[in-house]
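Below, each chain spelled out in residue letters.
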Amino acid sequence: MTVTAAPEAALGVLPRADGSAKYSYAGYTVTASVNGPIEAQRRDEHPYEAHVDVIVRPAAGVGATRERHLESILQSSLTQIILVKNFPRSLIQIVLQVEDTPENDYVNTKLVQASLDFAIMPALFQTAVLALLSAGVPMRATATATAVALVSQDGSKTSVVDPSPRDVEIAQSVHVLAFTSQDELLLAESEGDFTVKEWDEVYETAKQVCCRPVPTKEGMEMVLDDEHTSGPDLRHFLRSTMEQKVASDLHWK
Amino acid sequence: MPITILPPKQTPQPSLPPHDIDSDSDSSSSNGGADLSLSPPSRKSHNNNNNNPLFTNLVTPGTLITPDPQWMRGHGTYIPPSHPHTIFSSLAGITTRTNKLISVTPLRSRYTPEVGDLVVGRIIEVQAKRWKVDINSTTLASLPLSAINLPGGILRKRTETDELQIRTFFSEGDLLVAEVQSLFQDGAAVLHTRSLKYGKLRNGLFVAVSGQSGGSGVVRSRRQVWTMEGRNGGGKMDVILGVNGYVWISKHVETIAKELEQKHMGITNMEENVSAGVYSSQNDGIDGGTMREMARLRGVVVALVENGCRVDEDMILRGYEEACEMALMMGEGGVEDVYLGGERGEELVRGLRGR
Amino acid sequence: MTTERPLVLPGDTIPPHLIPSSTTKPLRLGPGLRHLPPSDIIPVVAGQLITNHQKNSMWVEYNNNRYLPTPGDLIIAQIHRSGPDFYYCSLSPYTPHATLPHLSFESATKKTRPQLQPGSIVYARVVLANKHMDPEVECVSQSTGKSDGLGELKGGMVFDVSLQFARRLLMAKSREEGKVEVLEALGAEGLAFEIAVGRNGRVWVGGEDPKAVVVVGRALKETDEGRLGVEEQRKLVRRLVKGMK
Amino acid sequence: MPREAEPSLNEKQFVLQALQDSIRLDGRELEQYRPLELTFGDQYGVADVTLGKTRVLAKASAELTVPYADRPLDGIFNIATELSPMTSPAFEVNRPTETEVLISRLLEKTVRRSGALDTESLCLVAGQKCWSIRVDVHVLSHDGNLIDAACFAVVAALRHFRKPDTSMEGGVLTVYTPAEREPVPLSWLHSPFCVTWSFFGEDGDIAVLDATWMEEQVSSGSCTISLNKHGEICQIAKLGGVPVEAVSLLQCTNVALIKAKDMSSKLDRWLTEDAKRRDKGGLLAELSAENDRVPDI
Amino acid sequence: MPLDTSTYGLALLRVDGRRWNELRRIHAQIRTQAAADGSSYLEMGHTKVMCVVTGPSEPGPRRGAAGGAAGGGGGAGGQSKDAEVVVNIVIAGFSSVDRKRRGRGDKRTLEMQSTLANTLAATLHTHLFPHSQINISLHVLSQDGSLLAALINAATLACVDAGIPMTDYVTACTAGSTSTYAANDEGADPLLDLNHQEEQELPGLTVATLGDSDRVVALVCESRVQISRLEGMLAVGVDGCKQVREILDQVIKAQGQKMILEGTVDKGTGLNDMDLD
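Residue numbers (UniProt numbering), protein chains in the order written: chain A, 1 to 253; chain B, 1 to 355; chain C, 1 to 245; chain D, 1 to 297; chain E, 1 to 277.
Chain A extracted, bound-state conformation (with noise of 0.2 Å):
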């Protein structure tokens, strides 16, 4: 399986969308679009804040429990990072289209009843926030997810950071965590066995993906990177891919 070395990522991708990005990482390539705000319906319209929609659409297939699943965490922790109370009684509406799963080659996938994995939703939660940078919706913060499995090999577990498939397969556990830049922690859903301890160690492995200085033009502080090997630097990777963004949006200035 070769998992692609460095995230893609290309912004604006959908012409009559207000923000939309498409992202690949990993083996998973995922189209997002964002619509917002916009007018709610009756339903989900709330008095002070906006309501954030998430679909999650599989490339094949029709979604079930599992894509629901997935909305309602992505629903509930990018609500935190938008800045929902300056838009009353509207809508952001986040749709997520998977259109790339890598593929387990020693496993003919089902794919007729699609049941996206555990492991897709880094990619899911990165597309939904550059979409939503893209769109110029209001956040209080950006934020960086990585999907950690724990795999036991000759007794000892080690931990896999962007697991593929099989890896998926095989772990006992796989957990997701994401970060605000403000290095707080905003995600973290697990499932598998595992201790306390192990836990812990997922979160400072997870953290160091997620969490790596800025690299600043003033500041010579710039980690060296070789004490991380595991993972690329997710939160430069963001804010290169803005500031592309952002100098050809204002290439008048």
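A few of these clues could be false.
[Said to hold, decoys possible] Each computed DMTMM-like pair below joins lysine to aspartate or glutamate, with the alpha-carbon atoms no more than 20 Å apart:
| id | chain 1 | residue 1 | chain 2 | residue 2 |
| --- | --- | --- | --- | --- |
| 1 | D | LYS12 | C | GLU208 |
| 2 | C | LYS131 | A | GLU49 |
| 3 | B | LYS129 | C | ASP85 |
I should point out that these hints are in silico values taken from the structure, not numbers from a laboratory.
Dock chains B, C, D and E against chain A, hints included.
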């Protein structure tokens, strides 16, 4: 127990339109003629009919009425953009002309309100300052709060209290008789009940008659409302023929007149002293005889409609006489037999036509 | 104005030297920033942070695609329906309707007010916009009672452009500050047309010749979508006008 | 559900008036398509089609299942079309609109009922095991003419798709995973394409190909004709709308054939290019031999 | 399935004994439901449908997306000025041999509903009834081919009966071809008005035209056929529509004549009467 064997009644021949007979002959006479597969005999017979001078003004949708630009097009006609000045019919109906105006009266259609029509309606919706009334038209009519008589005098100003109490005058499901006061641009009617003739209906029964204008159903006529004597011991009955095809038959109550007598008031003050009783939803007691006659009258209206007769005062009065006689002569229960459905209805109408 | 325009993302910490520190004037925060008491100023969108030390103000320059009504904005609104006292009109798709009072027109009275059909469009100004209420717009200047060019737009065609581009077109010095010269170039080619730009990303172009209107519309859309520079805009106009004949 | 915005009277009037002078807002000729682009995904059977600002993604997938009882010798082939709020916030999840029903019926008639895919070849063991092929159509962006774009995407995805290889030995069915044996293409019989005409005006005398969303909203009727390059009509759908002279419809069909042939050769070219890209170093000779066996589509 | 229709080549007679350009027997009635604004019953051979029209009337509460839509294209809301045509088709379980039950969400039925709504909207003068709704309910009692055509004809009749103004009748019929899609034989004959068996075995199309013009309102072809066959089929179909229009017109006229004879309507005043004034 002796058994009497009754001779079988002849099944009534439904008055089939001629095309039925044609289609039968069509199937039997089809000789497989390739190009003339469309039943030549049927055509011929219709052509004969078409030559009947009675039928020259019968048109169907798409019929060219005239290519002459001197005529003006009225209801039921159109001028296609491709042929300016050429008038076509858009309905199945009868052409009528008023000076230079050509219009087509449909054989049947939904009620189209016109100013001055007397209609019977039902309250569908209560809004802040108006009611929405079903009058069997294409859209709901509206009855503004300002267009009804309020208890305590006609000149009284509408207050907010009235707005809050709007349901005490009319609420959902109430029936009323009203006049069309004006029409909106889209053809929706605005009603008023500012006369003692109009207002809430009670003490009676409602009949909806489908179809309007030319065909069977209620026609606009001289008298839409009258009081008639019930026979066979029934009391006086009021009949209201709404132009919209809604008919109201009720017991005649002379409340207002009596009230006036008691209070010794002049007729000029009458409208100012409308009592709250006008908006009562409580029925007065109706004796059995009157109820029976009301039911009979209802049967007459339905029978007239089912058999394609126009419904007006004359027809109803004659029909009612006929029905009473029929009940005496044929009904098993004598005057108690008010059934006028099916064959009875046909017979009733035959009797009327025969005269 | 400083030349430094750093990229900020939501939640970033703003370097202190970029926060104007004038003690005489109150600090003015523009769009894209949020003040967290007591003294934190945090960006909420991704864009370039712009600080104006003279005016003691700062804001984030960014591009969004959903129009948020702001009082004073000139917009092109589409009448949806008429109520008892207002027209309900839409400023952008899928958003709640704005109200346009029947009497907010030049010398309008109950009798003389313009009768607008559903689907007609007006050039209007936003008078009221806050997050808890549906916006209100007007077609008359409240101070002068004159229409000042606002009112129904008859005929012509409406083109959708990005909000950013609409803003550039509306700049007082659109050529210098907004780097748009497409309209001047079209005029120089001898095209006759009228134009009304709405901040809600809608541009109305009127004119006798539908060909000219289409060329103006295409020039605007291609300039916007292709992110063309001034020189490219001139080239585009020359090419389109040539193709027209 | 937020309302779909209708174009203003000015826009409707202008679009019609301009079309009367044969002018389209984007400068196209009346019978000209917007640029059609196709990209294949990393996996087999993913086709991403853009037609101007319209963008449709189709993904084909296969699963082993049991054939329908009344058709024991046929495999199962389904096309699923669901318009999500990504297409437009006016579409709601799990509530099919008329647009969605009509698109899915048209794709069904064009691709499935015309026998483009040989469903008999999908049957592995009569009455017991067969392949179920499913194509999911996702409309990512809607700027008119969804049908032509969606049909192209479906055909492209199916022709690009490879299903796992199988073998039957002594009554034992083996399905090979992609790691064991290179997957094989579907047995494809012909490639139909949809060409949609939109009619304008009271008389429907202006006919336009590949209408944009704005044009579709102003149009008074449309007609979708599906054809393959051999000049076989697979389906015609003029579902009401403005009356059009029969002779004009015949002309529309003839023009549609030219467009369908054009699309057919474009798709052939893109498929060949993609095969070359995947076949770096020519290690999949076996596969190309397989390709040769596929009848001339 | 073996081609029973292959015998056609021998005697030039179809399975039911018709020649290539013969319609089946059409029997039609209007005003079959007293309570409705307009109603009709129509048989084309053994395909039997009935139709009830209600309206134009105040639109009831919105019923999701189940119904068809006309004009603006569904849910346009406040801006729509024309009456909306809503069609509902119920196909009885006993109407066909296989007794297949179709649910409410059946896409084929939904497509027919939408086709019917858009076909009728092309002729009905919906602009005369702003903010209202015309409800058309169709019940299929028996199916033997040409279902869509029968539904269109029945709906047209019921709309005429309801007195809804229209430009002209919209009439429909089917046409087929004796060639199969594989054979490109030039000698293939077009056939008019397909029955169920022919519909199953031969390529065919349904065509609906406006009045007695050649203008096609609806054209639905669901089978694979050589492009060269289309012209012949279309010509035969359009001609068939004109025949159907003639038959339907006679049905309406007969009703009108009956009403005049019974005196329920006046004979009216026409242009010729005017000359006498």
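Decide if the proposed pair is consistent with the structure: C/LYS131 and A/GLU49, CA atoms, cutoff 20 Å inclusive. Distance ~10 Å between C/LYS131 and A/GLU49 Cα, so the pair holds.
Hey, B/LYS129 versus C/ASP85, does the alpha-carbon distance stay inside 20 Å? At roughly 15 Å apart (the allowed maximum being 20 Å), C/ASP85 and B/LYS129 satisfy the hint.
Satisfaction of hint between C/GLU208 and D/LYS12, Cα-Cα up to 20 Å: holds (16 Å)
When each numbered hint is compared with the structure, no violation occurs for any of them.
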